[in-house]
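A.B. asks: Chains A and G, in that order, are what the protein sequence lines are.
Here the first sequence is numbered in the numbering used here, starting from 13 and rising by one per residue.
Here the second sequence is numbered in the numbering used here, starting from 4 and rising by one per residue.
Since the hints were made in silico from the structure, they are not lab data.
Among these hints, one or two may not hold up.
No more than 25 Å apart at the CA atoms, straight line, and that leaves these computed lysine to any residue pairs for SDA-like [said to hold, decoys possible]:
id, chain 1, residue 1, chain 2, residue 2
1, A, Lys108, G, Gly758
2, A, Lys108, G, Pro832
3, G, Lys161, G, Ile532
Only some residues are given here: those of chain G computed to face chain A with a beta carbon under 8 Å [what the hints assert, rightly or not]:
id, residue
4, Ile461
5, Leu463
6, Arg472
7, Pro473
8, Thr752
9, Thr756
10, Thr757
11, Leu762
12, Leu765
13, Ser830
14, Pro833
Beta carbons are placed, not taken as given, at the ideal position from N, Cα and C, and that holds for glycine.
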Amino acid sequence: MLFQRKNRAHVTINSSTLLAAALNPLVIARGLTLTVPSDAGPVNILRGVDFSLNQGEAVGLVGPSGSGKTSLLMLLAGLERATSGSVSIAGTEITKLGEDALARFRRRQIGIVFQAFHLIPTMTALENVAVPMELAGDADAMDRAREALASVGLGHRLTHLPGQLSGGEQQRTALARAYAPRPRLLLADEPTGNLDQATGQMVIELMFEQQRSFGTTLLLITHDPAIAERCDRKCQMADGLLS
Amino acid sequence: MKLAFRYAWRELRGGGIASLYQFRIVLACLALGVAAIALVGTLRASLTRGIAEQSAALLGGDLAIDGNAEPFPMALRQMLAQHGAQVSELVRMSSLIAAPNGERTLINLKAVDRLYPLKGAVRLSPAMSLSAALAGHGLVAEQIVLDRLRLTRGDIVKIGDASFHLSAALLSQPDATANLGLFGPTVLISSDDLAATHLVQPGALIDRSLRVSLPRGVPATTIAALIQQNFADQGYRVRTSNDDAPGVDRTIDQVSQFLTLVGLASLLVGGIGVAVGVEAWLAARARSIAILRCLGASAELIMAVYLLQCLALAGLGILAGLVVGGVVPWLAGDWLASLLPVPAHFGIYPEPLSLAAFYGVMTTLVFALAPLGRATALSGADLFRDATLPARAPPRSVLVLIIGLLVLVLVFVAVRTSGQSGLALGFAGGAAVTLLLFRLAGGALAGLAARLPRPRSIALRLGLAALHRPGADTRLMLTALGLGLTSLAAIVCTEANLRAIIASQIPAAAPSFYFIDIQPDQVDQFQTILARFSSVRDVTIVPNLRARIVAVDGIPAARFADNPQAGWAVRGDRGLTYAALPPNGTQLLQGSWWPADYDGKPLLSLDQGLAQGLGVGVGDVITVNVLGREIGLTIASTRRIEWRSLSMNYAMVASPGMLEGAPHSNIATLRSDASQDGAILRAVADALPNVTGIHVADILAAVAALVRKLATALAATGAIGLVSGGLVLAGAIAAGQQRRAREAVILKTLGATTGQIRLAFLVEFGAIGVVGGVLAAAIGSAASFAVVHRVMGEDWRATPEPLLATLAVSIAVTLAFGLLSTRGALSAPPAAFLRNE
């Protein structure tokens, strides 16, 4: 058991649950395009992507650099606005939400792990993990953050600033931050890209372990075929389109 | 060194405009400080040269002899004629001018002869000669008279009993620098027309003076010495064109010294901006420095390469400051000349510009060396880690020594060039203590924020945390606010105290009117007129004689001319009255008042301050000259006089008897309701044209206007410091802006709304604004207390409004910066930060 939460039942997802959930997509993206202006004329980054993620499913997104993987992730996270098309997550069409509504939606529904960790450098590890739960108004945010850090093996690093942590520790902190609010969707953008192989392996193990424990839907961008193979499904992206 | 120049040049060339942009705060801080110092120095040099060139014109002659109401003796005129001098006489007095519609205003009347002015020129609008303007009962008046009485050229106006036609507006005249306009604008008439006004009466408050033009080869100082020697008992004030200028010069020197210090203070605040800017600029070059170190560059070479770049870039800011401060006065010379009461010769003066450049270079060095020292602590290995400027590096003793020496040189030059070492040191010390206090307050605020219980609101918590987290800008932002805001607080607090002193002390006791030059045979008529007005009360009429102190216990009065307490009384004529009974409210400090029916030798009751200045007491004899006759007055008592009350009072009150027979006029004071003031003035002036009514409220309004002008000038000066502080604040915020933007993006990603992020930023900036405002108000109040109580000797009172205004300005400034910063942070595109680096 990774998370010892008060008043919250621990959930274990088995394959039959996954099968049932497969009939009920959590994420549905339709006709997504993303075009950005440039000096040399408009650049079409995404050129009409139709995509869905079923509840509890782990999907590996692979493809060459510049194929549009991160852009798709940004659109699914509501961090970037699509030029056209729609994204619906858990029945909410996020492409119609405003900035603040999107922020509130992310607090509960979406966790994100970046290659560059993106911890707030002036906050301790504990404070970094607590932020999304504090933003959601959870009174026990600190306790849960402490548990989350302990669950990724960082119970002894609570008061350290990101600059005082190694790359692997920083990414584990970011993972704890992403999972602690129990999001329904976890988006991970090359989470091992900045880590050595052994550390990367440890982070990936933790990620899948927690995904399975909580039945979280996972979209994982990776260049590592072995990691992609561990997912329930693998999607290939090339030149702004899913194949 | 050659290598250092080569690398420095390469980096500058490579950096191009981007380097200048990164250096913008440094450039702006240096430009502002240097411009302020260069501007003050250039104005000072321009005025000094202008005055030196036109000193004779300023005086109206080579020599000026200021006398009293008595005509100058023939012997004096003969002596001047023997030396080939040309002499022009002018008579000055306060009077009223009446418009055709009966409206009147107080004027400074100047009756001049045909030779006036001997030096310099009178400028009129429309342009014409003065003699043509004054011919045929003509008159010229300053434009303000025309505006007040709605007069146009050709209108017939009355002064005393005489009528004049208005010929032209008076634009400028020689010898006008001392007239502050408190007792009315100047009106010129011909001395041929003076008699017809009937203003020259026995005992009237008039001043005569001579302007003398000497032939070549006759030194003015020789003639001045002759006059002092042969007419010592007349108490004349003799000025030459050489010694008139030093008085003005001294004022200019004092004002410019003060302003130079203000400029220096703004440069000091700007210096913090230099440190912040240089640090940010070096941080952007940390990778290049690490690469150079990796390739074998020594710490000394790194220091040389980046110091050279620093100086080259700072040179542009200093140059910009010199252009603004040195060239603008030259370009805007005509406009500036129209604002100044004395002539100025605008040009480019290398000396003040060199001094300003020196201050700029020294400030750059003092404040840039510390961050440069930290840059040299970067090593080649940093290239493989985060190549960032170390937040703290152990200070190298050589660098500390150099910075210390530079500071000493800077202070030494500032003190030497200020002319007033005490003021300069006090100012520098005050500025340093203020900055230190703000820095300490920044630490205290950060400490308090860290120890406060965790608030429930995340926005509040994030805002408070931003105050104490590692890398927080709390100290820097508070220090940036410090000096400018404190000087502003001190100025507004002092001004509020001055206003309060004027408002609370003067009007309560002040009469509504002074009426001067009432002849003895007019007193009954004057009282009859007043009786017609129901609101007239507290009428006091006292005899007024003009007397000149010629000796104090047998010692010539001229010996006391430079005495700070008594000099004013022995220079020229003073008012003298006599009374059987002590005036109301008299406080005798020594001796006793004479009996009401006293008829013995002349006695005197003297102002205590004057008695102290002259070193006399009861029983000593003051010899005065009244209308050419010397009278010995034995001091019977000394009194405390509250001059500020504006009640009628005399430094010298004599016993009746001998003086009663002397020709004299009377002065009256009275109180009335403001609604009847205009009618009273008209009634008295219509019936007694030679009597001049001075409306005290108008004088107080003129004083208040002067105080306002002074306060505005001081506030503008204080604003320079505030602008410098604002620049530094902007620099500090800009330096942390990327961090703020990154944090805002991450917080948004984690679910923070824009409102929460904005609130967190506002809590951080608001806390700094509140603490900055409170501290500035406190230190500003202390400075104001020192000025009002210690320097001016007045009671100081806490004035909440200006202090609240300071607090409001502080909060407004920081919140404005905070909102701008927040807008910038919130508008940062998330993808730019979050994409894999």
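A.B. asks: It remains to establish, for every hint, whether it holds in the given structure.
C.D. replies: Evaluation of the provided hints:
1. Lys108(A) with Gly758(G): Holds, at about 19 Å.
2. Lys108(A) with Pro832(G): holds (19 Å)
3. Lys161(G) with Ile532(G): Holds - the C-alpha atoms of Ile532(G) and Lys161(G) are around 20 Å apart, at most 25 Å.
4. Ile461: At about 4 Å, which falls below the 8 Å cut-off, the nearest Cβ of chain A leaves the hint on Ile461(G) intact, so it holds.
5. Leu463: With a closest approach of 11 Å, the Leu463(G) hint is violated.
6. Arg472: At about 4 Å, which falls below the 8 Å cut-off, the nearest Cβ of chain A leaves the hint on Arg472(G) intact, so it holds.
7. Pro473: holds (6 Å)
8. Thr752: holds (6 Å)
9. Thr756: holds (4 Å)
10. Thr757: Given a least distance of 6 Å, the restraint on Thr757(G) holds.
11. Leu762: Interface hint status for Leu762(G): violated (12 Å vs cutoff 8 Å).
12. Leu765: violated (16 Å)
13. Ser830: violated (11 Å)
14. Pro833: holds (5 Å)
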